[in-house]
Every structure is written in structure tokens, then in C-alpha cells.
Amino acid sequence: MRARIFAEFLLIALLASAALVGGCGPPEGDLGPLTYRLKWLFNVSVVGDLYAGAEGLFEAEGLQVTVKPGGPEKDAIKELELGHAQFGVASADQVIRALAKGSPVVVIAQIFQQNPLQWIYRPDRNRFETPADFRGKTLGVTFGGNDEAIMRALMATRGLSEQDATLFSVRYDYTPFLEGRVDLWPVYRNAQGVIIEDKLRRAGEAVAFFDPNAAGVRFVANSVITTRALLEQHPRTVQKFLKALLEGWRRAVDPAQAERVLAMIQLHDRDTALPLLRQQLDITRQMVRPTAETVIGRIDAAAWKQTEEIMLTQNLIPAAVNVASSLVSP
Amino acid sequence: MLIDCRNIRYRYPNAEAAVFADLSFCLRGPGFHALFGPSGVGKTTLARMIAGNGPRYEGRIETPGVARTLYSYNLERLPGWSCVGDHIAKVTPPSRRERMADLIGSFGLEGCIDARFSQLSLGQKNRANLTRYLVQDFDLLIMDESLANVDETTREKILLKIKGMFPDKGFLYISHNVSEVAKFCREVVVLRNTAKQPQAVSIAGLDLAPDQPLDKSRLERAMLEIVHAA
Amino acid sequence: MLPKRIYQFVIIYLAALGGLQAIKLVFALSDYVIPSPADLWQTAEAVFSRYLGDALNTLAVAIVGHLLAIVLATVVAIIGRLTNWAGALIKVAAYNLQAYPIVAVAPIIFILLGDGLASRLLIAAMICYFPLLLSFIGIFAEPVVDIEHFYTMTGRMRWQLEVKIRAFENNAKLITVTAGSATLAMVGTIVAEFFGANAGIGYSLRIALYQSDLAKVLVALFLIGIFTSLYLALLERIGVWLQHKLVLPTGGTL
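Chains as they are written, first to last, in the working numbering: chain A, 1 to 330; chain B, 331 to 560; chain C, 561 to 814.
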């Protein structure tokens, strides 16, 4: 009797779980409405994604796509696996970690050719031209974040260990940097970087940025992802999605469209003043399309390989995942 | 004069009818007096008014010659953090230690002075509570059903003990037991509802003293008078 | 003998793990979404001793924060009971302040006090302080008429005695509220560590979340659950002991 009750309970629990995660696994046939889960909240870093949604580029391809903002608690890869989203944006370290754990995720585009993660500093107090200048300094990192991996990779290029510099745990509040307790502070160059720079310039302080790319550390930033199953079973949908998305990015970073794009961002990011938004857009443009020849969305396989190597060296993944095999240009 | 109540008027909050309408009575001299009446007639309210911690009322209550009035009731409890004996000893002035011991013995409390209050029977609780009042400095002690849970035989012994021990003090004993008030009290104020006027009627009781023989026919008359008045 | 709470927690934890594994199996999810038992075991082996230290650190801060909150709530509730207006003012202030989510207040605390022990302690204390205060005010402001009457009548009532009577008479309620708020202290400490501190299991949990490592999260949750259960069990034991000590006779006969 007890065993029967237990079996019934287990069945109910499983059915309830099924209802909760509803729609797991790729359905056959028409995909219907699609969800595109971003990595972060709506701001200038997702301007092309927003543009494609706002300007009806997905509809023009015959797709019904809802662009959803991300956040610290959102994980697009998990949503893809659970079937809550069909496309998403994830950081490269997230993708590599997921691959290491057998996730069927594939990268279909790399929007930022240059990682916007840089470190801000005060040039009148310190000069940071190479990682060798880190010695004896207090360096801000978000422990567990990809900036920690990048910083450790930068230090490793000059044989620096944790004994040679002080790693300072960074949170959302950059008071320790403003107070001068930390020499280098990680920022997204195209987003907070502009805002902090403006704040300090107003206070009469000069700022500069240390770019890991310049030191040869090319850790890939966010990328557009989907599942391998979706790619294989609905290649045309993926192609259409990507076409619309990349067109959105192409137009969003087109200087001729700047005013229109800024007006659109203002609808979503009401807290940033227009002149700052303009600066943010300019910097974003340089990172998405560094040269006129750059193909928007190009996957930089070499940078991905380096990213994997960094993570492997730092034991962030237990074994190589051959990330190249999951980089797909449909 | 012990208690002089004149033209007391009072209505409970949110009540339509008054509980006291021109209530007047007078109790003279020290001794054991009673306040008697059916439930809900206002005995406790009146007792609290006399003790000075009742609600605001119209009229006048005077207690000439009474410097200190105490009011005790049967639901009172002693704190539970130490034993009953310790509690009573703590509130007994040093000069009354002998009286305390006498009362504990007379009230049959020796066996439970080391127990916590919560462990006593209801009757023991009443006796322990009354003991601590009797070792205080008072001129008038109102006993609002203070012995309600004590068996009749013990209660009679206690009342006689009190009467013998405190001949110069005033007591106002509130009880529903007609034979008891008739037997032991000097004056019984019968409190009636407002439909009856006067609202309070004073009837003489037997005021039985220790070792005094009981006149049963007088008792019956007094009881009849009280019942008739109520 | 392990307290019942530990068994209960372990059963719930294992049931939740079983549920997760069932979901993983039914929907063929990767180890990235839900770790496999082997993955979980390996992670536990790798991080258990470190997380154990972190959880103990968190527990220590939670206990100190909890004690602080108890002392502060007692003092303020006693003061608040003295006059009607002070009591009402403190009550309204406590209601309003506890309405603020700690995540909104935490950044201000971290800016003012930094990311060290002081912030963790303050947040742990704050999160359990207001529920304690409201209960304590309610308890200390409510007269126990049947006991207090004698002392009031005979002119013996002092504020210390009044507080003693009310605390003693409501000891079961006080113990329940105090034990209940222990969970809040633990939650407060973890929230503080999650948002701003550089130590404790909340900090490790945050890093694990950054790394999308659910296995680490599950190990951290296991330790949090065990230590919270242990602390609750300890408080309940103290409560039982106190009640036993307070209520039972010291000797004599009936």
C-alpha cells in the first residue's frame, strides 16, 4: 500500500515537474513564436538586438521573435535546454563551461569582435601599459566572473602570481575605485566605462582604460547561441533569425542611423543622458565593427581557442572541449 | 464609617442600560462585611471602584478612616519563577514574618510552599494568594471571590481565622454563597439590578466569631432576608 | 544523537535532489543545467572542506548578529513599553523599516561600512531585528493582569519586575520567536555575503552562480541547510532547557 502511494506520489511529482519545465526539448515542425534571451538588461550593448526587434526585421523574415532582457540571474544556455528560449546570448566562458558539461549549445554569431571588458584607472596616479605594471597594485576583479579569468591570464603573461599584486573583490558599487583604494577597476568600456569616465572628468580627474586585447589576451565576450538540435532540425529558421539579427546590428552601428538608434535606446535606457548614450554607441560601434571590412557577427575562432586555453590553464574546465567544433556559421 | 457610596451611576462602555443607577449604601465600622448579588449585577465593578482602580463613574465613594485599601480576586496568580514560599516571604515585611508563618500553618499551606504556583490546586492557589495580601499593611481588604475554589470546611476555618486575627480591619467579602455571608458577615450589602430600587439593601448577618455557637434559626432568617432582597 | 531537524532536512534535500535527477532524466538535460550525481559528488569532494569553513564562518556571523538583534530588540521593546507614544512610534518605525527589502538597503550599508565583518553583522542583525522587535514590543506591552495586580496594588511594581513577569509569562512565545528569527539571521548573513561581503558561504554561492555551477550551489545549499538546522535545533534545546528550568519546581513536596 505504502509503495503504491509512493509510486503515485512520484508520478504526480514527475508530471508536475514536466508541467513546470513545459515544452522541454525541440518540438517537431513549425517552431512558432521564438524567444531570444539576452545576457543583460536593455542598454547600448544590445542595441542591434533591440533594433532587429523594434524595426520588425524578424517579422520581415517570417519569424515571430520576442527579445527578452537578461540579468544576473538569467542563463540563456539553461533556458535553451529547458525550451524556454530558442536563441540567446551567453558569455564565452559560459559557453565553454556548458560544453564541458555536455550541453548541446552552439555559437552562431559573435557580435563583439573586441571584448568590451576593460579596466579603468587614473593615469595621474598609475600607468598601466603592460601587465608588468600590475606588480604591487590593487586590481579589481569579480571573483568567479570572466574578468577574473582575463586578469589572471594577463598576469600570467608576465609571470605574475597573486603574491605580486592584490586582487580586490569587485561588486556593483565602484566606491572603492572612486576613493582610490583600488588602482584598476573592471568596467564594460562601452557602458559603465563611459559613465564613470564622465563622472570623474567632471570632478577634474583624468581616466584611462587598460585593454586586455592590447596585451594579447583576446577573451571572447558575448555570443549568439542556439542548440545543436535546433540548428540541425530547423536550419532555415536559424538562418533567417541570424540574417534578421545581423541586419539589425548592421543598421544599429551604421553612423547614418545614429539618431534613430539613439531615440530607440532612450526608450529602454532612460537613466543615461543622451550625450553619454551617444558616446556609448560610438564605442560599441568600434567594438562590433572595428574596421569597415569587418563582417558583423564573424566568429573569431582564434580568440575562442585562446579563451578555451585560458580556462583550461586556470582549471575552470576539467578538460579541453574543442570549442571550435561548436562554432557554427549557418 | 468604612465605606460610604452615594448616588453612584455607571454604564459599561457600549452598553445600553446602566449597571448602577443612583446606587447608595453605607457600611459602618471595621469587621467582616459582604457584597452579595446575582452574577452580572456589578459586584466586581463596584469593588474596583471602592479600591480606586475601577472605571470613572458619577457619584461619590468615600472610605473615611481607611488609609489603604487592597483588592484581591480569585484569578490572581503568583509568578512562576520561584516557589510559593519564597514569593510570599519576599513580599512579607520583616515585622510580619510571624504572622506569615501563622497564616501558612492555619491555611494548610505548609505542604506546598516549596512548589511553583502552577502546580498548586485551585484551592491552594486561592489560599496562597490571600496569604500574601493578609501580610500587607491594609485597612480595608476586598476579597472578590478570593476563596471561591476552597472547600467549604477549609473556607469557614479561614474566615474565622481572619476574623480572629484582624478584628480592627475592614473586609468586604464578595461571594455567591448565601449561608456563608449570612453566617460570617456583620453587614451584607445585597446588590440588585437597576429595576429594583433601592439598588442596594443592607441586611445584618450573624457575624459569627471563633468559638461562638451558631444560632441556626437566626441564620435561616438572615438567609431568607438576603435571598428575598436579591 | 542528531536532532530530528537534521534528519528532516537531509530527507527533504535528498528528495529535492531526486526530483532534479528525475527532471534531468525525463528531459535529457545536460550536466550544465542539472549536475549528475557523479558531478555532484566530485564537486562536493573538491569544495566541501572549503565550503564547510565558509558555512561555519557564516554561522558564526549569523549567531553574533542574531544575539545583537535579540539584545537590541529587548532594549528597544522595553523602552517602547514605557510610554504609549514611544511604543507606538517604535512600532510604526519598525513596520516601515522592515518593509524595505534588505537588497535595497544593503548597498548603502556596504558603502558606509565597507565589505567586511561589520556589514555582514549589521545586515544579519537587521533582517531578524524587526520581526523580533515587533514580537517583543507586543509581549512587553501586554500586561499580565492576574500576576501584576498584586504588585500594583501593594505599590511594589517596578519596571524591572514588570518586564520580568511579562517575559516569564510569555517565555514559550519568546523562545519560539527567537528560534524562528535564527533562520532569518542566517538568511540575512547569506544575503549580505551574496551582495557585498568577501567571505562566508553566501560569497561562495555567488561565485558558484557566476560560474553557472549548480553542483557547487547544491553543495552550498546542503551546508546552509545543515547549519541552519543545527542552529535551530540548538536554540530549541536551549528553549526546552530554559522552560524546564523556569517552570519545574526546585524541590519540596506537594
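Think of the hints as simulated: they come from the structure by calculation, not from any bench.
Please note that the accuracy of each hint is not assured.
Stretch-level coverage of chain A by chain C, calculated; a stretch enters the list once three of its residues show a Cβ under 8 Å from a Cβ in chain C [stated by the list, open to error]:
id: 1; stretch: 135-144
id: 2; stretch: 172-182
Residues from chain C that keep clear of chain A, each with C-beta distances beyond 10 Å, as calculated [what the hints assert, rightly or not]:
id: 3; residue: L612
id: 4; residue: R766
id: 5; residue: K805
BS3-like, lysine-lysine: derived pairs with alpha carbons at most 25 Å apart [stated by the list, open to error]:
id: 6; chain 1: B; residue 1: K491; chain 2: B; residue 2: K420
id: 7; chain 1: C; residue 1: K584; chain 2: B; residue 2: K420
id: 8; chain 1: C; residue 1: K651; chain 2: A; residue 2: K74
id: 9; chain 1: C; residue 1: K651; chain 2: C; residue 2: K584
Since we're looking at a predicted model, the values are computed, not measured.
Even for Gly, the Cβ is constructed at its ideal location relative to N, Cα and C.
Hint by hint, here is what the structure shows:
no.: 1; hint: 135-144; in the structure: holds (count 3)
no.: 2; hint: 172-182; in the structure: holds (count 3)
no.: 3; hint: L612; in the structure: holds, 19 Å
no.: 4; hint: R766; in the structure: violated, 7 Å
no.: 5; hint: K805; in the structure: holds, 41 Å
no.: 6; hint: B:K491 - B:K420; in the structure: holds, 23 Å
no.: 7; hint: C:K584 - B:K420; in the structure: violated, 70 Å
no.: 8; hint: C:K651 - A:K74; in the structure: violated, 38 Å
no.: 9; hint: C:K651 - C:K584; in the structure: violated, 48 Å
Hints 4, 7, 8, 9 from the earlier list are contradicted by this structure; the remaining hints agree with it.
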